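Trainee: Use the sequences and the hints to build the structure in full.
These protein sequence lines map, in sequence, to chains S and F.
Using our numbering, read the first sequence as starting at 11 and increasing by one per residue.
Using our numbering, read the second sequence as starting at 3 and increasing by one per residue.
Since the hints were derived computationally from the structure, they do not count as laboratory data.
These numbers were taken from a predicted model, which means no experiment stands behind them.
Certain hints may be false.
As the list claims (entries may be wrong) - Sample of chain S residues facing chain F (criterion: CB under 8 Å; computed from the structure):
1) Pro64
2) Glu65
3) Lys479
Glycine included, C-beta positions come from ideal geometry on N, C-alpha and C.
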Amino acid sequence: MKRIVTKEDYIQSLKDLHHVVYYNGKRVEDVTEHPGLRPHINSAALTYELALRPEHEDLMTATSHLTGRKINRFTHIHQSVDDLIKKVQMLRLIAHETGSCFQRCVGFDALNATYMTTYDVDEKYKTDYFERFKKFLIQVQDSNVMVVGGMTDPKGDRSLPPSKQADPDLFTHVVERKPDGIVIRGAKAHMTGGVNSHEILLMPTQAMREEDKDYALICALPLNAPGVVLIFGRQTNEERKFEEGTDAGNPYGLVGGEALIIFDNVFVPWERVFLCGEYDMAGILVERFATLHRQNYGGCKGGVSDILVGATALAAEYQGTAGASHVKEKLAEMIHLAETIYSGSVACSAMGYKTPSGAYYPDPLLANTTKHNVTRHIYEISRLAHDIAGGIVATMPFHGDLQSSEVGRYVKKYLAGVKGIPVEDRMKILRLIENMSGGTALVESMHGAGSPQTQKVMYGRLGNLEQKKRWAKKIVGIN
Amino acid sequence: MAAINKKRIGIKYCGGCNPYYERVDLVQKVHSLLKNRFLFLGHDQENLDGLILVSGCPRACASKNLDQTEILLRSVIEENEFENLIEWLTTLDGSGKI
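Mentor: Printed below as a string of structure tokens:
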């Protein structure tokens, strides 16, 4: 594929992809022209555009350790603690531009998790997955394609392992091994940025046992491969994306734009297979991907929260409540919560370390703590935004009413706030708050990168409770 | 021909994760004021006479990992350094005046 450099290159590359995408039961011929998808594409496009700006290149670009060439950081393998920190800083800066998810971190984390794990698999089993993967990685770095990280399977009956499901396809698996490759079947759910990515890097969704070895699979394939079907997920208020004016809210969308991606007997050549049957390595891959992805959330959500804090402060100014002491106190609390989640992301990066592969990895306990805080703090930040902005967030008239020759004068008269502030500006900010602080955006902060309970499970494993008990005993003299 | 005598000034930014001010606006202000006397270029250009390191906060990330050690450097970490920056440039220029 021709190297994607600019936003325009990216959009053209999606037009050229001709992948099979469905939106509300209808086939989408050109994802870049579909109003339900375009905001997410515009958001992801900034990962290309910002990399070209001198004022962001230090964070948005890196030097490939494989080729020595300058690459987009989203295709980089972390070579130091500084790289881990720069990842988090980059996510915050992009969120300042979009106020929404820009999707590309999922593939970034999948690349890093696969890099370090294929190295370990080869060490244990004398396979050649790592060398295969490095060749794929160089292709990704040189072409600058967007890769979606495909981890979450539909999972069917959660009480049963993959091989015991009534329908074996509820976890993605190998159905046929051929001399030149494998055939896979299954699906991946909640695929952020799926419809506007070029490639998917599939990974197992959980630790596997021997009977599940056909499900222990890492492989990459283009999203226009025969047999791949993408169904875009419905979001709250998604019809706003079809509108213009104040009703549009955030032009970069609510969250990332998720899709259910189906693999209906898809062929994958061996050179793109990076794990196939080594079931005991699935668990470490999952843990690494989860840690790398949970590392992110204080960066991107911290940046998104900065926008929500700013919008809320403006709403207060526009309606004359900015001087109230309780409003100042609540804004301070919002800032505290946003910086708390950012601190977690920086901390787990600063405490990161080198894996045997040479790639750097964030501290897993701190990364899980960060994401766990996000599942709580984003709700509280949003609650405070609603508190300050007022009920008008939920009851404001349509943009059409503002523009109406019949009732527009009433909207302008009765939605007026502080003198001199245009009513349309007030409505834009209130609609942005509504957009960013409800529905899908909240659920995403809860379940993206894993539900809260998955982080609690990690506390049990990594929290070192026995050592803590020893310290307590020592202080009071218990032998 | 006038460009031959202009001092060549490189601009190196930090990444801009959470800047306290608009870094690009500050550089554009400098450029507007002194574009007739200086060539403002990317930090990776050759034969620079000076390098302005524009960071968004006191962490001064633009000043880290510098390759250029032979040229005059000026670090900026806040908006109100504008006047001092102009003074530094005009001193570099030798005129001492805007």
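Trainee: All the hints need checking, so say for each whether the structure fits it.
Mentor: Tested hints:
1. The closest approach between the C-beta of S:Pro64 and any C-beta of chain F is roughly 6 Å, which is under the 8 Å cut-off, so the hint is satisfied.
2. With its C-beta approaching chain F no nearer than about 4 Å, S:Glu65 sits inside the 8 Å limit, and its interface hint holds.
3. The closest approach between the C-beta of S:Lys479 and any C-beta of chain F is roughly 39 Å, which is over the 8 Å cut-off, so the hint fails.
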